[in-house]
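Please model the complete structure; the sequences and the hints are all you need to start from.
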Amino acid sequence: MEVSDRIVLINQGQVEQVGAPDEVYRNPASSFVYSFLGSANRFPLAGSDSAVGYARPHETTIVTDLGLAGNAGVAARVSRIHAFGSSARVELQAQHLTDSKAAPQYYEVELTRQEFEALQLTEGRPVHLVPAKLRSFDLAKAA
444 MEVSDRIVLI
454 NQGQVEQVGA
464 PDEVYRNPAS
474 SFVYSFLGSA
484 NRFPLAGSDS
494 AVGYARPHET
504 TIVTDLGLAG
514 NAGVAARVSR
524 IHAFGSSARV
534 ELQAQHLTDS
544 KAAPQYYEVE
554 LTRQEFEALQ
564 LTEGRPVHLV
574 PAKLRSFDLA
584 KAA
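For what it's worth, my numbering labels the leading residue of the sequence shown as 444, then goes sequentially.
Errors might be hidden in some of the hints.
Claimed, not checked - In the SDA-like style, the derived pairs of lysine to any residue whose C-alpha atoms are separated by at most 20 Å in a straight line are:
1. Lys576 with Thr504
2. Lys576 with Ala537
3. Lys576 with Ala515
4. Lys576 with Ala518
5. Lys576 with Val446
6. Lys576 with Ile453
7. Lys576 with Glu502
8. Lys576 with Ala489
9. Lys576 with Phe479
10. Lys576 with Tyr549
11. Lys576 with Arg523
12. Lys576 with His501
13. Lys576 with Arg469
14. Lys576 with Asn470
15. Lys576 with Ser522
16. Lys576 with Tyr497
To be clear, the hints were calculated from the coordinates, so they are not data collected in a lab.
Here it is as structure tokens:
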């Protein structure tokens with residue numbers, strides 16, 4: 444994408460989106476385009492059976508004070524921490540799944556070293572994930 448001035452994203456023979464790389468990344472036309480162009484955390488949207496919200500790992504916030512989280516976001520538990528240099532990548536697993544047969548939902552959050560140290564995260568710690576920037580897509584329309 445770095446050497447292209449226009450890209451075409453095709454999904455199962457159908458054109459999903461055409462445009463400049465930065466425009467497509469910032470304004471994806473579908474959940475397929477959003478997920479294709481980088482890591483994506485998937486958030487359920489209250490009051491909708493078919494719409495889903497997406498946020499990039501660097502656009503997802505970890506809240507350690509569970510009393511402050513309220514009903515926003517997703518309850519999760521830290522499963523793995525990769526701290527290196529000036530940044531850290533935290534992998535988390537969603538808690539409180541309503542469907543016991545559903546596959547576990549995993550999330551990824553990118554933090555600066557300062558953010559990581561301030562949160563004092565450890566593996567197994569319960570936290571809350573809140574998207575700082577959320578893009579929603581109606582999956583029923585995509586089908």
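For each hint, the structure was consulted:
no.	hint	in the structure
1	Lys576 with Thr504	holds, 9 Å
2	Lys576 with Ala537	holds, 19 Å
3	Lys576 with Ala515	holds, 13 Å
4	Lys576 with Ala518	holds, 17 Å
5	Lys576 with Val446	violated, 27 Å
6	Lys576 with Ile453	violated, 25 Å
7	Lys576 with Glu502	holds, 6 Å
8	Lys576 with Ala489	holds, 16 Å
9	Lys576 with Phe479	holds, 18 Å
10	Lys576 with Tyr549	holds, 18 Å
11	Lys576 with Arg523	violated, 23 Å
12	Lys576 with His501	holds, 9 Å
13	Lys576 with Arg469	holds, 11 Å
14	Lys576 with Asn470	holds, 12 Å
15	Lys576 with Ser522	violated, 23 Å
16	Lys576 with Tyr497	holds, 8 Å
The structure shown violates the earlier hints numbered 5, 6, 11 and 15.
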